[in-house]
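Trainee: Those protein sequences? They're chains A and B, same order as listed. If you count the first sequence from 1, position 240 lands on 277 in this note's numbering, and the numbers rise without skipping. If you count the second sequence from 1, position 195 lands on 331 in this note's numbering, and the numbers rise without skipping.
If you're looking for bench data, these hints aren't it; they were derived computationally from the structure. Just so it is clear, CB atoms sit at the ideal spot from N, CA and C, and this is done for glycine as well. Some clues are possibly wrong.
[Claimed, not checked] Derived, one-sided and incomplete: chain B residues facing chain A with beta-carbon distance under 8 Å:
no., residue
1, P175
2, R219
3, A220
4, A222
5, G223
6, G234
7, T235
8, F244
9, R280
10, F298
11, G299
12, L304
13, K319
14, F323
15, R330
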Amino acid sequence: MTDPLSDPLQRALESLAQGRTVEQVLAAHPDLASGLRPLLEAALAAAQLGPREVPAGAMARSRRRALARAVGLKAASPRPAPFGLWPRWALAAAALVVVLGLGLDGMSTAAAQSLPGDILYPVKIVSEELQLRLAAQPDDRLNLEALYSQRRVDEVAGLLTLGRELPLSFHAVVQKMGPTLWTVGGIPVRIVPETRMVGEILTGMTIEVDGLTQADGTFLAHELHLESFDTLGPVTSIAPDEWVIGSVPIAIDAETWIEPEIRVGDLVLVRVRVLEDGSRVAESILLFAPPTPTPPPARPPWTAAPQSPKPTTAEATETEEAAETEASDEEDGTSGPGGAATQDSGEDEDTEDEPEGTDEVKDEFTGVVEEAGGGQWIVSGRVLQVTAATEIRDDPVVGDTVKVVAFLQPDGTWWAEKIERED
Amino acid sequence: MVYSTSLTAYDLWPGLRAGPDSSMTQDTDELSSLRRLDPHTLASIHDRYFPEVYRYAAYRLGDALVAEDVASEAFVRLLESLRAGAGPRTSVRSWLIGTANHLVHDHFRTIYQRPERELDERTAGENDDPHEHLERSERSQGLRRAFESLTPEQQHVLALRFGGGYNLEETADLMRKNANAIKALQFRALAALRRALGTPGA
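If we strip away everything but chain A, and leave its shape as in the complex, we get:
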């Protein structure tokens, strides 16, 4: 595949780099001049594309930004790993001592229920560390990691319910993206102009949320970091280190799990992990079977319907936002980079579960109108469906405090029966 001119071209470029002109270089290789000339002309053209100087202002601004970020990182509150600096053996020993001291039952009932900021919370974390360490199989470890990741989300929900303010981070799937409020793993996440986004985040993607639980039941996001997403598309090309799905190239590494016998043209579902440097690596590539028109499986009789907890702001918001997300899955498009569709199977399961047993649930609350007009209002972060049957009193506008009466609908959304401005 190597062209016979590629070596002479390199030597010619080196001669140019030593200060010779194109004519001088070509004169030294008369037999290759006709082939080299257009390439060297292209090289001279290519050399004109770059900037001659680096603006001093740009460099100064960038240095300031980097230094400011370093200060911010240094000042950032530690994550919930209170024994992060302890050696591994010390963690295990400490957990053992605590477990023995409290007894297993005491552990499970006290520490397991603890939240960040509680005295026993470090015990819970140490205990989890210990269990992860003792996991014999990779699958067991993965399952535990998923379980603990969900626990972190549940802890955030718990803190929001209690109205405690704490710096935390958690990992979850983006369910809904509004201008100022997102729903991530069921948590209402407040987006402010200072919120920093790392990566192109879309609905259905898994992100890390760094921020602060707030007394108003929302999680104030300092930083949202794209971690992984699913993308669906046809295999356009296959190479040892890179596959192209649709038009999107995705790197493959030694740990990528690829279903056997996938060929170009097959429709595949790819779980893509976004690395710290922004590069994207496929975690798994699975053949995607087109859905067959079978009815959804009935809920096994031994499983309970999911709860729709009330009445705190945080939980109410969480439930409604999740419901809203599920209701608008099609609108959200679950569209990933390159136009490929994205989805998260875990969320789909929730979608099926949510509406069951939730008819006729009524909620009354007071909040501030954040968005109004059309068929959808947002009041203190809660999304409400508004129809011609909704009774709207005293012409509330954005910023007004209103009293709302709403009913949970079979599809999981909340319909506002009455919205009344409060003076």
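Given chain A, work out where chain B should sit, using these hints.
Mentor: Just chain B now, with coordinates in the frame of chain A:
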């Protein structure tokens, strides 16, 4: 489109260097200090590599403002990665250029649907002849369009060789390929650029 062949590469290619430098070995010593977010180390590394990262980004993007953003973001990500226990193991430069490459990809993906984008042109001097300026502007835009018609990998190698001024071995290191592969890629990139520019004098 004619480019004078009486010019040497040094006239047009100010970042060109003849051989590799020793900065990669320095990096290893500084990384541990950077992980501790030492401001002096950070400022030193930033000032050492910012021009390279900026030149690379500006070459790829043709937009000074976006290039500044990309170069700056690469340094922020360097800090965040190191803090998270990841980031470069040996070569800060390779990591920064690699990150800038990904950021450029992300940028183009973001603006994919934008019908037109501003091109970075050397601004006309106060005494420039307007016709000359227009001609130069058109030539610059034609060159930029030709460059953007290349594959991302071809753009990458030209940006490293002609924008960053890296020699063959350095480019091979940065692209994690061997020197022969870079020679072949460079040949294909220049041949493609020549084709995209059209026949000489056109």
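Trainee: So, for every hint listed, does it hold in this structure?
Mentor: Here is what the structure says about each hint:
{"no.": "1", "hint": "P175", "in the structure": "6 Å, holds"}
{"no.": "2", "hint": "R219", "in the structure": "5 Å, holds"}
{"no.": "3", "hint": "A220", "in the structure": "6 Å, holds"}
{"no.": "4", "hint": "A222", "in the structure": "5 Å, holds"}
{"no.": "5", "hint": "G223", "in the structure": "7 Å, holds"}
{"no.": "6", "hint": "G234", "in the structure": "6 Å, holds"}
{"no.": "7", "hint": "T235", "in the structure": "4 Å, holds"}
{"no.": "8", "hint": "F244", "in the structure": "11 Å, violated"}
{"no.": "9", "hint": "R280", "in the structure": "7 Å, holds"}
{"no.": "10", "hint": "F298", "in the structure": "4 Å, holds"}
{"no.": "11", "hint": "G299", "in the structure": "4 Å, holds"}
{"no.": "12", "hint": "L304", "in the structure": "6 Å, holds"}
{"no.": "13", "hint": "K319", "in the structure": "5 Å, holds"}
{"no.": "14", "hint": "F323", "in the structure": "4 Å, holds"}
{"no.": "15", "hint": "R330", "in the structure": "4 Å, holds"}
Checked against the numbered hints given earlier, the structure breaks only hint 8 and satisfies all the rest.
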